[in-house]
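Novice: Each chain, letter by letter, is given below.
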Amino acid sequence: MADKPKVAFYWCASCGGCEESIVDLAEDILFVADNVDIVMWPVGLDFKRHDVEAMPDKSILAALINGAIRTSEQEEMAHLMRQKSQVVIAYGACAHQGGIPALANQFELEEILRWVYHDSPSTYNDEKTRPQTKFYDENGRIPELPQLWNVVRTLDQVIDVDYYLPGCPPSPKLLKDAVIALLTGNVPPKGTVLAPDIALCEECPRKETKPTDLVFDEFKRPHQVMIDTEKCLLAQGLICMGPATRAGCGALCTIGNMPCSGCYGPTSRVRDQGAKILSSIASSVNGKTEHEIDKIIAGIPDPVGTFYRYGLAGSILRKKVKFEERV
Amino acid sequence: MEKTNGQIRIGFYICHCGTNIASSVDVQKVTDFAATLPNVVVAKHYKYMCSDPGQDMIINDIKEQNLNRVVVAACSPFLHERTFRNATFQGGLNQFYFQMVNTREQNAWVHLDPLASTDKAIDLVRAAVQRVASHKPLEQKKVPIHPDVLVIGGGIAGIHAALTLGNAGKKVYLVEKEPTIGGHMAMFDKTFPTLDCAACILTPKMSAVKNHPNIKLCTYSEVEKIDGYVGNFKVTIKHKPRFIIDDLCVGCMDCVEACVYKEARFPDEFNQGLSRRKPVYMPFPQATPQLVLIDPETCIWFKSGKCKKTCVDACERKAVDLEQQARVEEVEVGSIVVATGFQPFDSKKISYYGYGNYPNVYTSLEVERLINASGPTQGVVVLRDGSHPKTIGIVHCVGSRDKNTNSWCSRVCCLYSVKLAHLLKEHTGAEIYNFYIDMRTPGKSMEEFYNRIAEEGMKFIRGRVADIYPDMSDPDHKKLIMKAEDTLIQEIIKVPVDMVVLSVGLEPRHDAQQVRRMLNISCSTEGFYIERHPKLAPVSTFTDGIFLAGCCQGPKDIPDTVAQAGAAAAEVLALIDRGFIELEPNTAFITEEECSGCKSCIHLCPYTAISFLEEKKKAFINEALCKGCGTCVAACPSGSIKQNLFDDEEIYSEIDGILNFDHISRELSYV
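Which chain is which? The protein sequence lines are A and B, in order.
Under this note's numbering, the first residue of the first sequence carries the number 1, and numbering increases by one thereafter.
Under this note's numbering, the first residue of the second sequence carries the number 1, and numbering increases by one thereafter.
These are calculated hints, taken from the structure and not from any lab test.
Don't take every hint at face value.
To be verified - Computed beta-carbon distance windows for the label pairs:
#, chain 1, residue 1, chain 2, residue 2, range
1, B, Ser611, A, Ala181, 49 to 59 Å
2, B, Lys348, A, His291, 41 to 51 Å
3, B, Lys142, A, Asp57, 56 to 66 Å
4, B, Glu614, A, Gln83, 52 to 62 Å
To be verified - Stretch-level coverage of chain B by chain A, calculated; a stretch enters the list once three of its residues show a Cβ under 8 Å from a Cβ in chain A:
#, region
5, 573–581
6, 597–605
All of these numbers come straight from a predicted model, not from anything done at the bench.
Glycine included, C-beta positions come from ideal geometry on N, C-alpha and C.
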């Protein structure tokens, strides 16, 4: 046991899907279990924070951290994992680019809390209770809860990250390849995203059906149309993020008759995935007048949620800025 | 680079431009600031960076201080980017290790507050210094120049340019859309200020064009399409059908004589509709080439399919071909002279002058024909009602210098009005009134000409004509009253006249925009084509290899037109004799293994430089066709198209540089 390299998993602001994807290794998980010691995995094993704290620095070969960073606890744990690990891998779209939780960056913290704890139609909260970081229970104990930060951040905005496994969640194949690479020491340069550096169209079976002169007269959302199962989704007026999104998933969504939503993030050559697809699609909007153009883009009611579904925290937009916060 | 161990070493220079920049931008402060920026090794300011000492400063600093990047803050890159790139090269660096900041046009000349202007200069400098660090060495591609030339437009500008080029031994395609060359000048009677007869000086040049071994004259033809780029244009010329076989027709006019229309009954375009022609006709006696043509709009055969076709039988040479079709020809040229000319202002747009309603109101061009010996009346000035005018009023600035029509001064109207006044007086002995706003007679011998004519007894009234209406006291209602304020005596005056001449202004042709798009050149808001620089590149355009001559660039008289046509020809010759051109290396390119074949870029390229390789399923950019507009670069969703001089790293570092300032302290400093 002692000879096996140590691996840790940790989760931050995430949905749990990334944990599922580890289980999705199926029988390959036996290979992982045979070859490494898992020293931390809150979902699967009963190790505690103090167990990790007790370990010597850099004693863990690799920490795979999923989820974005939005609380003080997540930030502390990220730092701890960094300290104890030789390699940190941002695992999944949220750690990689902020993911769904980072859509919160469109709002100020106070707006979010007010909505969730007071204004939303399903909320019943006469005492106007808000989450507290500290409280006194009847036994005189003072439990502390993590604090919510104003901004949701990607993992690499908090700690130094060595590699990225993209996806919501990453495909089991990418995970397996990454583990093998780590175990054999056959690793790419630091900072690499461990997925093919080409856009999804490359592996999409619908590629052939995309015309070379595609322009957009209107945009539709998946629930508004009967989607042709073979034709390029963009050519059907659906926003497909495929051209701006890294390949590596095997075109799961487009094969499943849904447009790509962009979870693998951009290629290494693009700094801002949302801006890039926006710029690309805008170039082909078939309107001459402002009015015509407005009418066409009205078909995209939530541009941030569409183009920055996973990438807001890591993008140039990053967060809503109040005037006073400019400096 | 070995000397610097991979370190970036930037030399920064800001130019005073005399006082142009220094009076609004604190050059010392900018220099001090630049010195604090990362990688900046040298920061200096100098009175004239573009001068030899200024350039030597850069060259010496590169050598002595081991600089490997240069930033100059001065004027527009259009003016001196080449100068400083060259200095960078002379210092031993790749010339693209240079970045220019425009602190003159974008700063000193547009801002009044020196404090804010200096702050803006600092931001621009920070951006350039950050950007230049990521510059890469680039090579310029050399492209050979095809020695043949296309001249578009067969007026005096096109004729002169074509002859100059032909005489220099270059092959010229002269394309004119009308059936004859000669343009507007061929319609004029005499020309100011020398009063030579337009035909006498023009027709020899027209025949010279026709007979020139190096000029291929394509009349009744239009340029339909232009592909390619400087040195290598592919031009599609459409030859419209004359229904006469060019090679067989000798211009004997037998067919015209034989036409089933015994009387000429259709308005003659050349004579401004003042005379009539047949459906088969020669535009005017000296038309070049001497070929008749059939106008299908008026020919009864084309309109009804029924005609005895006497013209066909009359031609012994069998030159009449009623089945003739338009013919399309593709030619290759290396450069293009655009000499598409102007159109006269349409007087009907000013209703209160009554043109079209009162038969005795004429445009200046009609009067040119009326007084011309080969015109509709053989030079006798007879009004539409058959009478001879005793008093004539000439209205200057019709359609010009008026915010309701065209705001510009058409430059030639004062002088041609004076000329027409002289010629009308000579032909009719009438009393002549000139209504002018200002007499504008600049140019060699022009003021003398005006004085000379004024002394012939013309009346000059300083005032814009406000109204023209029939004189009710005249029993025949033929006389017209011209009402104007004589601004020199500040009185409203009403002058009864027999004839009114409207001195119409010059404006861009109705199809100027269409031609502009085809050529990919720019035009001003009024529609005249824009020269690359009004003083330093007056006949060049922003598209390399395309030059301007004549009134398509702005109103001008014949001497200036000919001078400009000569200049355009000289620029073309310089280009051809150089043999090659170095292309700006700012082209876009695709790294094949990075392209996913998503096809987003293919149809966006305005120059059709991108194609989709069906076998490889990848997009491909023909760099020779790429003009570096960046459209595809912005649109490539996976960032697989890159552009030299504008890669993401360079643009982002420039943006970071621009935005990276201290808001609070700056806002406080303005309070």
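Novice: For every hint, state whether the structure bears it out.
Specialist: Comparing the hints with the structure gives:
no.	hint	in the structure
1	B/Ser611 to A/Ala181: 49 to 59 Å	violated, 38 Å
2	B/Lys348 to A/His291: 41 to 51 Å	violated, 33 Å
3	B/Lys142 to A/Asp57: 56 to 66 Å	holds, 59 Å
4	B/Glu614 to A/Gln83: 52 to 62 Å	holds, 54 Å
5	573–581	violated (count 0)
6	597–605	holds (count 7)
Hint violations for this structure: numbers 1, 2, 5, all remaining hints satisfied.
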